[in-house]
Amino acid sequence: EIVLTQSPGTLSLSPGERATLSCRASQSVSSTYLAWYQHKPGQAPRLLISGVSSRATGIPDRFIGSGSGTDFTLTISRLEPEDFAVYYCQQYGDSPYSFGQGTKLEIK
Amino acid sequence: QLLESGGGLVQPGGSLRLSCAASGFTFTNFAMTWVRQAPGKGLEWVSALSGSGSNTYYADSVKGRFTISRDNSKNTLYLQMSGLTAEDTAIYYCAKDFRSTYYGRFDPWGQGTLVTVSS
Chain F
1 EIVLTQSPGT LSLSPGERAT LSCRASQSVS STYLAWYQHK PGQAPRLLIS
51 GVSSRATGIP DRFIGSGSGT DFTLTISRLE PEDFAVYYCQ QYGDSPYSFG
101 QGTKLEIK
Chain R
1 QLLESGGGLV QPGGSLRLSC AASGFTFTNF AMTWVRQAPG KGLEWVSALS
51 GSGSNTYYAD SVKGRFTISR DNSKNTLYLQ MSGLTAEDTA IYYCAKDFRS
101 TYYGRFDPWG QGTLVTVSS
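Protein chains in written order, with the working numbering: chain F, 1 to 108; chain R, 1 to 119.
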């Protein structure tokens, strides 16, 4: 089973700043089967990025996914107030499809 | 588009059936999945089912205790849970997959239903 490790656990930033979230896999992720989800308390998780870098429908272009192999990054170019949430990476190349433990993005 | 129900308080060793009512898409054309989040924890994939209902997939942690199924005539996904333990306490989310066979790209998700296992 592929284990995904996200860092940092918590990231404290201000609106307007740039956020860089990391996701490292215990082994190479097949093809480009890496996704990112945003989750706010009391809400449904939301797909942001799939295929490493493809934004889901309606996702603003300030969300940028990148990486390959075992190292992946979600960058939020300029934080908006609504971006503060927990972010999860997920690999869906090798069953069981696993999630990282999450990065909490909080307002500084 | 996805609305879960059926959560609640259940005693250890008990059973519960969750439902997920789908709307806004052709239900039979998409695999469906259950993902859970225990209190203070991250997301954990639980189970998935192909669009036809022919192929099922389970996490090791629930295999033999949980059964996923669907009624395509009712646009509804189910999760029958038995032998529940405190470790099963979580919010359970259903989510739509990308295609009719299990693919692993989940969009959208429901709001979730809370299952609490306690005496």
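Rather than coming from a laboratory, the hints here were simulated on the basis of the structure.
All C-beta atoms in this analysis are idealised placements derived from N, C-alpha and C, irrespective of residue type, glycine included.
Some hints here could point you the wrong way.
[To be verified] Some, not all, of what chain R presents toward chain F, calculated at C-beta under 10 Å:
hint	residue
1	Gly8
2	Val10
3	Phe27
4	Trp45
5	Asp60
6	Asp71
7	Gly112
Original post:
Was the hint right that Val10 (chain R) lines chain F, CB cutoff 10 Å?
Top reply: Violated, about 22 Å.
Subject >> Hint check, Asp60 (chain R) versus chain F [nearest Cβ-Cβ separation less than 10 Å] >> reply: Since the shortest Cβ distance to chain F is 8 Å, the answer is holds.
Original post:
Is the shortest C-beta separation between Phe27 (chain R) and chain F less than 10 Å?
Top reply: 18 Å, violated
**OP:** Classify the hint on Gly8 (chain R) as holds or violated, based on whether any CB of chain F lies nearer than 10 Å to its CB.
**Re:** This hint is violated: Gly8 (chain R) lies away from chain F, its Cβ roughly 18 Å from the closest one there, beyond 10 Å.
Original post:
Would the hint on Gly112 (chain R) stand, with a C-beta cut-off of 10 Å toward chain F?
Top reply: Constraint on Gly112 (chain R) satisfied, holds at 7 Å.
Original post:
Can Asp71 (chain R) be said to touch chain F, with a Cβ gap under 10 Å?
Top reply: 22 Å, violated
Subject >> Closest C-beta approach of Trp45 (chain R) to chain F relative to 10 Å, hint status >> reply: Hint holds; Trp45 (chain R) Cβ to chain F Cβ min 6 Å, cut 10 Å.
Hints 1, 2, 3, 6 from the earlier list are contradicted by this structure; the remaining hints agree with it.
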